[in-house]
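Undergrad: Sequence:
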Amino acid sequence: LLLVEDVSVLTPQGRPVLMGLRLHVDAGERVLVVIPASRGKSLLVRALAGIWSHTTGSITTPGNSMFVQGFDFPPLTLRALLAFPHPAEGDLELALHMVGMASLVTKGSLEQLCSWEEVLSREQQERVQLARLLLRTPQLAVLDEPLESLEDADACSLLAQLPQETSLLTFSRTHRLAAAHTRVVELDLPLSEAWVPSQPSETLPSERSKSLPRPVRLGQKAIALKEAVAEE
381 LLLVEDVSVL TPQGRPVLMG LRLHVDAGER VLVVIPASRG KSLLVRALAG
431 IWSHTTGSIT TPGNSMFVQG FDFPPLTLRA LLAFPHPAEG DLELALHMVG
481 MASLVTKGSL EQLCSWEEVL SREQQERVQL ARLLLRTPQL AVLDEPLESL
531 EDADACSLLA QLPQETSLLT FSRTHRLAAA HTRVVELDLP LSEAWVPSQP
581 SETLPSERSK SLPRPVRLGQ KAIALKEAVA EE
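In the numbering used here, the protein residues as written are 381 to 612.
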């Protein structure tokens, strides 16, 4: 289903951040990958999503994949937010109930336009994010530090709600979500030094006009970008 062979993630200058990764996820499998802090975890997720070009090696993912790495909640109706970026089939009210957010469902609430980041707590936003995943039912879901605001047991219980046909690859700095997975992989790969895309000293002269205020968040912009590229 997912196959990563001898993958290295580099900075734009070609300096290795993470090297020599081999990883696989079979159909129906739930895999937790534990990577210590500052070892290239977030960049690796972007590389798997196909939006970090400074990568070598081979990455194979199914076409029906969903990558979740943070989410900037746009001001949309609740219905549009749950289906973002494209309409999704499924029972929206049931999905909210499954993640413990049934309180959002009131008469006319699905059509209510709202700035959800100002209304929902961090935990509530994470639950809504999982509801989006339940509605999508992708063949593969790749998550970066999901449900951080929840207690470990509650987070594992929510992940267990994902349908069996959705394979799961979760990246985390700890083992807190191990109970929700069938296999745990611990990575301690060579690293030259910590690096994040937003560091101004790492911006190439030719790229300085391209503002890089912070790393891309996969939950919104990158998913839409990948789907747009796929349609071309």
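Simulated from the structure, these hints should not be mistaken for laboratory data. Keep in mind it's a predicted model, so treat the numbers as computed, not measured. A portion of the hints provided could be inaccurate.
What follows is a list of derived Cβ distance ranges for each label pair [claimed, not checked]:
#1 G488 to D534: 28 to 36 Å
#2 S529 to P465: 36 to 44 Å
#3 T436 to H477: 22 to 30 Å
#4 G488 to R402: 46 to 54 Å
Cβ coordinates follow ideal geometry from the N, Cα and C atoms, glycine included.
Undergrad: Would you mind marking each hint as holding or not holding in the structure?
TA: Here is how each hint holds up against the structure:
Between G488 and D534 the Cβ separation comes to about 29 Å, which falls inside the hinted range of 28 to 36 Å. Checked against the hint of 36 to 44 Å, the pair S529 and P465 fails, with Cβ atoms roughly 24 Å apart. T436 and H477 have their C-beta atoms about 44 Å apart, which leaves the hinted 22 to 30 Å range violated. A C-beta distance of roughly 51 Å is found between G488 and R402, which places it inside the suggested range of 46 to 54 Å.
Consistency note: the structure conflicts with the earlier hints numbered 2, 3.
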